[in-house]
Amino acid sequence: MNDKQSVSTTINGHVYTADCEPRLTLADFIRHQCGLTGTHLGCEHGVCGACTIMVDGRTARACLMLAVQADGCTITTVEGMADGDRLTPLQEAFWNNHGLQCGFCTPGMLMCATELLESNPDPTATEVRERLSGNLCRCTGYDSIVTSVLDAAEKQRS
Amino acid sequence: MTITEPVQSQTKYTGARIRRTEDPRLLAGRGQYIDDVTVPKMLQAAVLRSPHPHARITGIDTSRARALPGVFDVITGQDLAAVADQQPVIWFPIPEQRIARTHALAVDRVRWVGQAVAAVVATDRYVAEDALELIEVSYELLPVVADLDAALAPDAPKLYDDWPDNVSGSLTYRNGDADEAFASADLVVGGSFSHGRAFGCPLEPRGCIVNWDSFEGTLDVWLSTQSPNLARDLLAEVFDVPVHKIRVRTPHIGGGFGNKFDFYGEEVIAAVLSRRTGRPVKLLEDRAESFVATGHSRDQRLDFEMALSQDGTILGLRGTSYGVLGGALGTVGSGPPWASVLTSMGPYKIPNLELHLKAVVTNRAPYGSYRGWGAPKGNLVHERLIEMAARELGMDRAEIRRKNFPAPEEFPYFTGAIFTYDSGRYADCLDLAMSKVDELGWRERQAEARAEGRHVGIGYSFHIEPSGYGPSRILNLAGLAHSGFDEAVVRMDSGGKVTIYTGQINIGQGTHTIYSQLAADTLGVPMDDVVVVTGDTDSCPYTGYGTGGSRAATLGGAAILRASERLRGKVFRVAAQLLEASPDDLQIDSGTISVRGTSGPSVTTRDVGDAAYRRLLDRLPDDEMPTLEEVDVFDPVNMATSFGCAALLIEVDPETGTVSMLDCLQAHDCGTVINPMLVDGQLAGGLAQAMGGALLEELVYDEEARLRTGSFRDYLLPTATDIPPFHFYHQETPAPDIPGGMKGVGEAGTIAGVSLVASAIDDALTEFGVTVTRFPVTPPRLLEQIREATSHKEGSQ
Ligand code: FES
Ligand code: FES
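Protein sequence lines correspond, in order, to chains A and B.
Residue numbering for the first sequence is 1 to 158, as defined by my numbering.
Residue numbering for the second sequence is 1 to 797, as defined by my numbering.
A few of these clues could be false.
What the hints assert, rightly or not - Okay, derived cross-link-like pairs now, DMTMM-like style, lysine to aspartate or glutamate, Cα gap no bigger than 25 Å in a straight line:
# : chain 1 : residue 1 : chain 2 : residue 2
1 : B       : K570      : B       : D493
2 : A       : K4        : B       : D130
3 : B       : K497      : A       : D85
Unchecked claim - Example chain B residues on the side facing chain A (calculated, C-beta under 10 Å, incomplete):
# : residue
4 : R287
5 : N506
6 : G657
Said to hold, decoys possible - Which stretches of chain B does chain A cover? Using the computed rule of at least three CB atoms under 8 Å from a CB of chain A, they are:
# : segment
7 : 198-212
8 : 683-691
Since the hints were derived computationally from the structure, they do not count as laboratory data.
Here the structure is a predicted model, which means the values were calculated and not measured.
Idealized CB from N, CA, C, for every residue including glycine.
I would like the entire structure built from these sequences, with the hints used as guidance.
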């Protein structure tokens, strides 16, 4: 298990290269080797969605991948969303509609909502709920998150 | 001219929907939660936990674990007990209660699955977990006490050999004459209500980093806690280290819900490991551990009955609340089941009470704090019983509630058992909720659905939320070994900007935003000029209890208001010198101070700051101390009781026993609303948690006292498709005893939500005559009830 393998990934436009134990999860690699702690771990067994990131343009749960599986991949984490200090319209919508309280689930919610709006710019509330049903939030009761996503969708369309 | 109007009356921010100051960095992924904190030379620890619910430890062999490369140290209960006292308990509501305490690592006996027995510290968590597998513990199994009935059985095995049985303590409150009330009643309704084990389950598990410097004699602690001052005091007790040598800092907290109020063994374990290795030690609870290591709650049976007269007037309430505690007492002891008893009369005037509490130990994990803290089960008692009575009497559910409310002029209203409610307009709140049910067209939806043969119901719950815990001396009298005041420091700096220091902790509820709103309005400065500093016992003031008991807006807010008011006085006195005017004639708006009613010269808070800190000569009045800072300590004379009426539209499928929640509303009164958007967020989040507890979440122990629901695959948190949309409506009856008039709101939803779901299910299943009494109402449980009700009906036909 100590035979380390070289991993090289592009995260938020930077190339990160490190020697990793094969058992190192991608989440731990991103958080601790790359210092990108915006990706959160709420369960480490693939249920809560807090660790959701974009791998090659599609959402993935970083706790369910090994770092070595991400070799050669292009990844976006929550830190890669805002443009400098300008939040994206989706992030703004979460801010305006109280779509977060403790903020722990938020990175995963933002990733899934981004993917949803890319494929469906005009979702219904039910569609938003269904798309986010794999992401647990213990604080908000979800309604304000749904409102946030619908608000972002409307702003992006206009 | 005498000035009669208040110096400062405009409120720009208080009451407005203001988006949170906390959010941008959290949205950008720049938050700093406990696992995001790394300190130099840090090691990581992991804990070995008992697989057995009840056993004697006959030996522990750590030699193989110690030999693993990367391992720095391995400790057992014996090692820990040599330097640390047992885990503290702070609530003693039952006189002469037997208090079961244990060390953070079990010394010779384990009493629940998951109890910590050894700990490893290593270069990283992966290695530490490898080493756990190399520790060999020999156990001699003991007979188990798996649940309440097993604990109370006459020949039950005992958890503590020197106790006569498994009862930790009992207590009775009496008011009036319950026997007489029941003897003369026209109607008595009763039931046995039970709530399964659940927990707050913040999405971020708990964690800490402890650095014990043996040369300085200091403990430097990062802790995901809601109560840093309490943690500091308790660490001092456990290690007999002076309080001032301990520093507790909190990072961002990924949800608390009471679970992070309590003081856990992990912080003690990490401290011991740090002391032994001379290195800072991080110890995180992973999700799997959280199901056995974070405080459990709700587990209670309540056998209660209510006596009424024919016209629906409640005459009496009596019954027993059984608190199903774990194998040792948690930080808050039997506090939550005690609070259930105290709130079991809810918003109703009940002249005759006989209320018993029995706290019982079992081979389950310790009982701890969870948002609502007993009140959700008190609510089950009064709301379930009043609806049963309405059905028996053929009365409208709203009518019978309205009939038993104290009128607004009857406040302060003494309940008959400890609490005195400060103020209320209960009937108005009920009417508000009912009118919104009409407005939203729920009754039409229900009628249409019923016409189609679907089972759609409307449920109601009226709740009270004792908040702003509480007057320190009364809390002490009630058995709390801690206080309830709050301290705040409000400082204007040399540049005229404001910093608030408070002991309250932001756990996602938005304290930084509301504190800025309150201070900005009181001082007359822009909100952007105010920052809030929390989470460091070295720089922030003392909060008696911590962030819990719905105290942050009420007591924390009141202390900030009072300090800000006095600071404004000083700002005006300095400005008066600069303007050659009288302080009484001044006004301040957006940080600019001028003489009221004139268009003459003005100064800014920046000028005042400069005069108070830097260029004092001829500018700071001679009798003023330099600097601009005020401290306030607010210890309330009474708690503030908020209240609300919730309604829920649901559909039940009687074929499968599944429940779909379609729409939900709550009319609510938390006194002064500082930020309606954040109040709505608190209500929604609490309701969602209660809905989880009502329908999905249960820490299931089998008859061997083994936990069956130890992951998110079987402990089901509600998702976005389970929870309905919410609508909130506010009325404001200011708290008479809290400056600013705020009442708490953090726990409202969790208190109201479980009986709310029950009421809606009963209504949907009217034709079957079902009364739900056991929670969570899982589909198999509901199906069984429907079948029973059906066969009962058929039998009687
Ligand atoms: S941490 Fe990956 S899904 Fe929960
Ligand atoms: S905001 Fe706290 S878990 Fe979603």
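Here's how the hints hold up against the structure:
1. B:K570 to B:D493: 13 Å, holds
2. A:K4 to B:D130: 17 Å, holds
3. B:K497 to A:D85: 23 Å, holds
4. R287: 4 Å, holds
5. N506: Holds, about 9 Å.
6. G657: Hint on G657 of chain B: violated, closest Cβ of chain A at ~21 Å, above 10 Å.
7. 198-212: As far as the segment 198-212 of chain B goes, the hint holds, because 6 residues have Cβ atoms under 8 Å from chain A.
8. 683-691: Three-residue rule met by the segment 683-691 of chain B, so holds; n is 6.
Violation of the numbered hints given earlier is confined to hint 6; every other hint is satisfied by the structure.
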